[in-house]
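A.B. asks: Protein sequence lines, in the order shown, are assigned to chains A, B and C.
All residue numbers for the first sequence refer to this note's numbering, where the first residue is 1 and numbers rise by one.
All residue numbers for the second sequence refer to this note's numbering, where the first residue is 1 and numbers rise by one.
All residue numbers for the third sequence refer to this note's numbering, where the first residue is 1 and numbers rise by one.
Derived from the structure by calculation, the hints contain no laboratory data.
Backbone N, C-alpha and C fix where the C-beta goes; we use that ideal spot for every residue, glycine too.
Be aware that a few hints might be false.
[Claimed, not checked] Taking lysine-lysine and the DSS-like style, the derived pairs with C-alpha atoms no more than 25 Å apart in a straight line are:
hint, chain 1, residue 1, chain 2, residue 2
1, B, Lys122, A, Lys195
2, B, Lys202, C, Lys265
3, B, Lys107, A, Lys195
4, A, Lys188, A, Lys176
[To be verified] Derived CB-CB ranges, DEER-like:
hint, chain 1, residue 1, chain 2, residue 2, range
5, A, Ser247, C, Gln81, 47 to 57 Å
6, A, Val23, B, Ser183, 41 to 51 Å
7, C, Lys265, B, Glu309, 12 to 22 Å
8, A, Thr115, C, Gln81, 44 to 54 Å
9, C, Gln81, A, Val264, 33 to 43 Å
10, B, Ser71, A, Gly146, 52 to 62 Å
11, A, Thr115, C, Asn137, 46 to 56 Å
12, C, Ala86, A, Leu127, 47 to 57 Å
13, B, Ser37, C, Lys130, 46 to 56 Å
14, A, Met143, B, Thr30, 42 to 52 Å
15, A, Leu127, C, Ala126, 50 to 60 Å
16, C, Asn149, B, Thr30, 23 to 33 Å
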Amino acid sequence: MRSSGSATKKEASARLRFFKNPVSVAALIVFAVILFCCVFAPVVSRYGYAEMRVSERFLKPCSDHIFGCDYAGRDTFARVLYGGRNTLKIAAVATVLAALGGMTLGIISGICGGTTDMLIMRAMEILSAVPSLLLVILAECLMGWGKGNFMYAMALSALPSVVRLIRASVSQVMSKSYIEASRALGVKGLRLVFKHILPNILPSVFVHLTGTFAEQILLCSIMGYVGVGINPPQAEWGLIIFEGYASLRTAPHAVLLPAAVIAVCVLSVNLIGNGLRDAVDGGDRSDG
Amino acid sequence: MSSENTAVLIKGENLRKEFQSRVGGKRQVTRAVDGVSIEVYRGETLGLVGESGCGKSTLGRLLLRLSEPDSGTITYDGTDITNVNMHDYRKEMQIVFQDPAGSLDPKMKVGDIVAEGLELHKIGSSRAQRRQMAQEQLLQVGLGPECMDRHPGSFSGGQQQRIAIARALALSPRFLVCDEPVSSLDVSYQAQIMNLLSDLQKKLGLTYLFISHDLNVVRRLSDRIAVMYLGRVVEQGPADQVCTSPRHPYTQALLAAVPVPDPDVKPADMELADISASVPENGCAFLPRCPYAKDACASVKPQLKEVAEGHFCACHLFAEQ
Amino acid sequence: MTDNILQVKDLTVTFPTATGELYAVRGISYDIRSGETLGIVGESGSGKSVSAFSLMGLLKGGAMVEGEALFDGQNLLQLDQSRLEAIRGKEIAMIFQDPLSSLDPCFTVGNHLTETLLAHRQISKAEAKKQAEEMLNAVGIRNAGRVMNQYPFELSGGMRQRIMIAIALLCQPRLLLADEPTTALDVTVQDQILKLLKRLKDQNGTSMLFITHNFGIVARLCDRVIVMYGGRIVERAMVADIFRNPVHPYTKALLSAIPRMDDDKTRPLPVIAGQPHDPHSPFAGCPFKERCPMADEKCDAMPQETCIEENHTVACWRYLQ
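Pulled out of the complex, with its shape left as it was, chain A reads as follows (with noise of 0.2 Å):
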């Protein structure tokens, strides 16, 4: 009486506890709507990010300024949301970079073994070993100072978690026997790779990556915060905490409502990945 299809309808499901699960909902939809303001910035905000009013400084929020004005008499949301751009750009690439890089080092570690697998985790230990911060100033006085070469080395600082769990899936799957009934077979090589093994372990990657594009959201504002990555004028949602800061007692608001913003954005991304993984690990359980 089992009904036909129900692995497609397994796959549904997982879709479907998602959307069942009002956390998620509500975490993608304030996901969204931040992404859309960001993106749609220009035509959301009526000001410039670096459009100053010297008679607005340490404006409150009002109708017309609705975060209110930061030192030099910029809106501040208008900032919050143009930092948003940068923010959520350079994480997202970081973190696409991260999972490109990861992907490939870790199937290569995860299939090859042996001294391959050794060199590439031993590597990665090594890079995991220095702290995010170093690796960046690191990467850019080598490399030049400059918003691509700081998403590389955004991306560096993710590789070596992101590396280690494809592995890990990688080495899962490899020892499962349709791997090896498919070796059976003849499968080698690549398409092992992109036909049983990939298909396999993206739910799993896909999830962690969101946590990573979480982390790395918040790698970048604290990056902007200590003045590393963009630089002035442009915004950047950790440079606007910085600019802030110094009229704190002041002026609250021009701190306060920014790192809201961030706080409720890595919230967001973090519940949808909780809520991804616990569709994708539900539809395990029910499936035995």
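Dock chains B and C against the given chain A, drawing on the hints supplied.
C.D. replies: Below, chains B and C without anything else, positioned relative to chain A:
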């Protein structure tokens, strides 16, 4: 036995395979297969029996070269295949695994799973034709065309094992290694799959190496039986002879240990000692558990000797004969 | 009445799942008489394990348990967690299929045994250690002193199961629930464990609920047996009667599908056609209807259990007057 050589389909000679592992920081070498020579005749089923860790599955994988032997040679149909590129031989020999759910890629559709080998070996001219062939294979194992586009996770264990058999047979192999194909199945499926395997053998003239720990299952399907203990074949002979008059003490213990579904049958008294770690380097591996051990067992490794026609046993109890 | 150690009445276990309710156990009643070994036989999905786990409050996944399980006049299903924990291990002990997962890898065998003793008894550590060693000897472990200091992963599967049995028997429980304790073991080791359980039962008079899919083990160990299918009890009888005179079509089919040493190899094994009962189906009739050769429209309702001879009941319309 040279007169029978043409009848041999696949032969392993002096096969050895060691695995290294670390237990509590100590490096341990396990001799999974320790100098085994084995011949499988065309059209027969050779049953390979033994307990976990005796190397029976490793031996099956060595013959298919899914695992490379440390030493020894493998001959298939008169050709030495120990060092050749296996790709062309893959369609000659296939394997069915113990765990049907784990042996089917959960992300692939059943039709694609069965057709994968056809695609790899460029059998069939188009995708449509390969799908047609896959469908025929599924029909042969008793599954209808509606299965083609479903994922393996939605099938029961017995059906999954049918799919795995269809995949293995899609390439029209001549030799099939069945690695405990019914062990993880419920009794009602066990019987179905055993009947299917013997029907297919009759219909397609297949040669089986049937690996199992269950003597009842092996006896039913096999023409000959080889019993392995710690990497070596200790007894080998016609199935009924091995089961009714086992010679090696280990085979005897194995047979005595199987619980019989009949309350009037009292369990045999023969009880083996516990598996102890100290297996003699130069003696019989079964010595620590053997109730009949004598002096020679500790110093000389017993070799297979013919104790009756076609019935071999590696035990010093038969050395004088 | 008084000689029943456990009385289960109308036990129903339902799991909520993403694809609807899963009816694992659909209203079963049974007693365990003191000193007897009751076997529950069934295939996977028959509800045999769930029916025992539910008694001990060990089910996960939001299981809904209804019914009554009287042990010493208390309903186990209504007890709070702390009362249940006090009974668990002391009065009722369990052994499982996979001993490694029930043993904590961070603790030595000695730790496990003494902790169990100290948790339930007011004795000194030295006394606990002494009793633990004695128990290890009783389950057939020589050099108990050395084993006490070993970790579970250093031991073989058979040894671990012996340890589990030792832990289970430490507090001299009155009831032992055994869930396929030998399924993961080799036959020769299984043989040893079965002999051990039989000896302990004869010595201590412990009552036992033995869950298995293997009729051979039932014949060896049990006094009475319950056959389950699709979450229901289809037949119950004394062990000798179930083999001599199986009545329910499912029991009959199951018994004939087992390969035996004295089978005629040329005849195919009788099989049970079709698929097992879907546990998600709300169908309230006989779960075997879909596969039963004798089913008719009456089977859309679940038949009452009928007594056909002393201690032998069957739930089938064909035997209901």
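A.B. asks: Between Ser37 (chain B) and Lys130 (chain C), does the C-beta distance stay in 46 to 56 Å?
C.D. replies: 53 Å, holds
A.B. asks: Okay, Thr115 (chain A) versus Asn137 (chain C) on CB: inside 46 to 56 Å?
C.D. replies: 49 Å, holds
A.B. asks: Okay, Val23 (chain A) versus Ser183 (chain B) on CB: inside 41 to 51 Å?
C.D. replies: 43 Å, holds
A.B. asks: With 52 to 62 Å as the target window, see if Ser71 (chain B) and Gly146 (chain A) comply at their CB atoms.
C.D. replies: 58 Å, holds
A.B. asks: Could you see if the CB distance from Thr115 (chain A) to Gln81 (chain C) stays within 44 to 54 Å?
C.D. replies: Given about 52 Å between the Cβ atoms, the range holds.
A.B. asks: Is the gap between the beta carbons of Ala86 (chain C) and Leu127 (chain A) within 47 to 57 Å?
C.D. replies: 53 Å, holds
A.B. asks: Measuring from beta carbon to beta carbon, are Ser247 (chain A) and Gln81 (chain C) in 47 to 57 Å?
C.D. replies: Because 56 Å falls inside the window, the suggested range holds.
A.B. asks: Checking one constraint from the list: CA of Lys202 (chain B) to CA of Lys265 (chain C), max 25 Å. Satisfied?
C.D. replies: 14 Å, holds
A.B. asks: Given the hint of 42 to 52 Å, check if Met143 (chain A) and Thr30 (chain B) actually sit that far apart at their C-beta atoms.
C.D. replies: Given a distance of about 49 Å, which is inside 42 to 52 Å, the answer is holds.
A.B. asks: Can you tell me whether the CB distance of Leu127 (chain A) to Ala126 (chain C) sits inside 50 to 60 Å?
C.D. replies: 53 Å, holds
A.B. asks: That 23 to 33 Å hint for Asn149 (chain C) and Thr30 (chain B) (C-beta), does it hold up?
C.D. replies: 24 Å, holds
A.B. asks: Holds or violated: Lys188 (chain A) and Lys176 (chain A), Cα atoms, limit 25 Å.
C.D. replies: 15 Å, holds
Checked against the numbered hints given earlier, the structure satisfies every one of them.
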